[in-house]
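2 protein chains.
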Amino acid sequence: MYYSLLSSSICIPLAVSLQPKTTWTSTKFNNEKKVGSCTGVPRNFNMEKLQSGYLFPEIGMRESEHTQKYPHARLIRLGIGDTTEPIPDIITSAMAEHVYALSTVKGYRGYGAEQGNMELRMAIAETFYRDLGVKGNEVFVSDGAQCDISRLQLLLGSNVSMAVQDPSFPAYIDCGVIVGRAGNYQEKTGTYDNIVYMKCGPENNFFPDLSTTSRTDIIFFCSPNNPTGYAASRQQLQQLVDFAKANGSMIIYDSAYAAYVTDDSPRSIFEIPGAKEVAIEISSFSKFAGFTGVRLGWTVVPEELLYSNGFPVMKDYNRIVCTCFNGASSVAQAGGLACLSKEGYRALTTVVDYYMGNAEILVDAFSSLGLKAYGGKNAPYVWVHFPGKSSWDVFNEILEKTHIVTIPGIGFGPGGEGYVRVSGFGHRERILEASMRLKNLYK
Amino acid sequence: MYYSLLSSSICIPLAVSLQPKTTWTSTKFNNEKKVGSCTGVPRNFNMEKLQSGYLFPEIGMRESEHTQKYPHARLIRLGIGDTTEPIPDIITSAMAEHVYALSTVKGYRGYGAEQGNMELRMAIAETFYRDLGVKGNEVFVSDGAQCDISRLQLLLGSNVSMAVQDPSFPAYIDCGVIVGRAGNYQEKTGTYDNIVYMKCGPENNFFPDLSTTSRTDIIFFCSPNNPTGYAASRQQLQQLVDFAKANGSMIIYDSAYAAYVTDDSPRSIFEIPGAKEVAIEISSFSKFAGFTGVRLGWTVVPEELLYSNGFPVMKDYNRIVCTCFNGASSVAQAGGLACLSKEGYRALTTVVDYYMGNAEILVDAFSSLGLKAYGGKNAPYVWVHFPGKSSWDVFNEILEKTHIVTIPGIGFGPGGEGYVRVSGFGHRERILEASMRLKNLYK
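Sequence lines, in order, name chains C and X.
Mapping of the first sequence onto the numbering used here: residues 1 to 443, in sequence order.
Mapping of the second sequence onto the numbering used here: residues 1 to 443, in sequence order.
One chain only, chain C, in its complex shape (with noise of 0.2 Å):
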């Protein structure tokens, strides 16, 4: 049978009947050209709260004005994250070898198992979870962090609280919109109603004030921290992990730029005893590899994370990554392997040594001014401060002045407001450049 419907929104059906062929035509949607009749299909309201654009591409299109108006500056691009430097020959040696191996009867392969290659998942808990007990089986492979925050948060659903640090990544927020768990956002405040905003500055060592957070289901946590640069310390991390194991929360720690670690602060949550019980680890090859455009990361979910029901949280995910992922690339996965030996491991160590050498003279150009820069030690970020001003009006004074793009820390969340996030992902001869031109911003 044929339905019609009659739609509470601003799109009419022209004739209201019983019988087929019902059309709807369509009024105008804000300042939307009519491209088509509508269709009866309600637009998602978790859609419908997320607020304009993801930040990067909004940056990315804020860049292309500037170069349409200024057609001859020579642009420095320190906004968005991303690497610049070639990956290491014995990296995509690895990897081409794998590629022409699919042309052969006895190299090629379908599909591999969706949690990834075993060999990777081993490597991967002997690399970078060396006596800490994770099992190549608690390492899930897959297409990058930002593609697995919105798994874990598509396995978490919509009935659950989460909180995050203010400043944070925007994945986890817009994530977190999108299946329904945020609220309605307050456009005084900036921030959603069911999102718990743990503030994290100069004035609190970084790290949230726990005694005066609200218990939620979830904690966001990003160490090193994008956008701030800080790296939690042991104790800071300890806190952290009793903090959840009072509440009975679960941590989903996103540690990114763990490579980027320069002192003793931890590389992964589970360096801290009973981690395992409260906490999903995230991390990539992207920052550290370069592997950016190839497109590799992985999760850590241990065995021992369980629901309030007892059930593990590892099914559950294992389930998610089977139904709605189909596992990276192959050819990623051989680079990823590549990155991992001894030899890859070496060259990589080079690359984000150059980085944060990159870093350390954008510290210096920002200390020169006067300004407070934090980061830039244990991470390739550069958290400037301006106090008193707003941070889209600084991002639009330095891309006037000196033609670099940085990030305006407000697109992090209110807490940013006031900063600006600088890239360290640089060739050193432009971050020199950009460098000279940032001295003479107040000139």
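Hints in this document: simulated from the structure, not taken from any laboratory.
Some hints here could point you the wrong way.
For chains that are exact copies, the list does not tell them apart, and a pair is met inside one copy or across any two.
[What the hints assert, rightly or not] Below 30 Å or equal to it, Euclidean Cα-Cα: the simulated DSSO-like pairs (lysine-lysine) are: (1) K188 with K439; (2) K106 with K342; (3) K135 with K439; (4) K135 with K69; (5) K69 with K443.
Dock chain X against chain C, hints included.
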């Protein structure tokens, strides 16, 4: 502040107080071994509604059990539709070239556009949708059709109704369950309350009787169909589009097997006039180019497709892609572009023909047993009817007697009962061997 929570689940707080460090202890969950203390995080009730394991890993497990039982049997895998033939050199060379460039200062590239490389998007539009009015910006490149199904489910949310062909590829339903749209599962019928099952079998020429089909917001439709191997005719698809228009429904059309169409059945829903106002199309390089492990697919979301309030679906899908995904591997995309070159495309046609030759051999084998074998003409799948038998029984019987893995039809929905799906992907000599064994099935 720290909260304690008194859970109604089977996890029992040892001490209930307002003090920190309250701990939980778990009782056993079913037969699970207790491996840790419970968190207070409730299991996503949508995940609880999923029935047993996802079909394909389940088949994999049964395979392993069989291999352990008969370690010397030469197993032939015609279950999971996994490509087996080498990828033509011209395509792997292009991927290797891309990979080597990543080791050079000049050729290194980091993040690509989340929606995919524009050159590839244009090539997809030009190759698969020539004269159908699909533009490059309507093509979203991805890591595969299965992943896109889950992203589309996330896009549309829990507040819409859906229909599927019965039988159908299980990810449509399972992802629908995960986003909370399916309602309760009925053991007796093998169906979810809120999903409309559109029976497709020989009795209706594998096309649903739309005059008795209830309206839903979303209609998943796969053609050439997995598992039945049937490609809908132009007239049938015109009916489907008319039905969707009349009801204000949205079709999610899965054309992952379009390259296998040998007659004049449409290879895209957009061959049907008016489809751009009611349909999204998902497709893939997996089966067409042997990219099951390389991971590459795409989804077309036409500009003309609007929600009931006039908002363009494409805008929201773009937001999902930017927020929950970070683009397909650049290596896979380089390979995809080579697939669409004149030489690449020609080479792939040979591989497609090869698999179709396999399917023909299998159809003949089953027909020689007096069984009705459908499909195998416009798709590499053969859908064999065993009237009155349970499909798991048939699966087991074939496995026991011939050491050939198939897929029980019931795995694709209640409409698949009495059938098994047999895949034509495989080396020719293995298919011939399988054919010989099958011909002796009842001797």
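Here is what the structure says about each hint:
1. K188 with K439: Intra 35 Å, inter 73 Å, cutoff 30 Å: neither.
2. K106 with K342: both (27 Å within a copy, 26 Å between copies)
3. K135 with K439: Intra 49 Å, inter 46 Å, cutoff 30 Å: neither.
4. K135 with K69: Between copies only: 28 Å across chains, 53 Å inside a chain, cut-off 30 Å.
5. K69 with K443: Cα proximity of K69 and K443: one copy only (23 Å, versus 80 Å across).
Against the hints set out earlier in the document, violations occur for numbers 1, 3.
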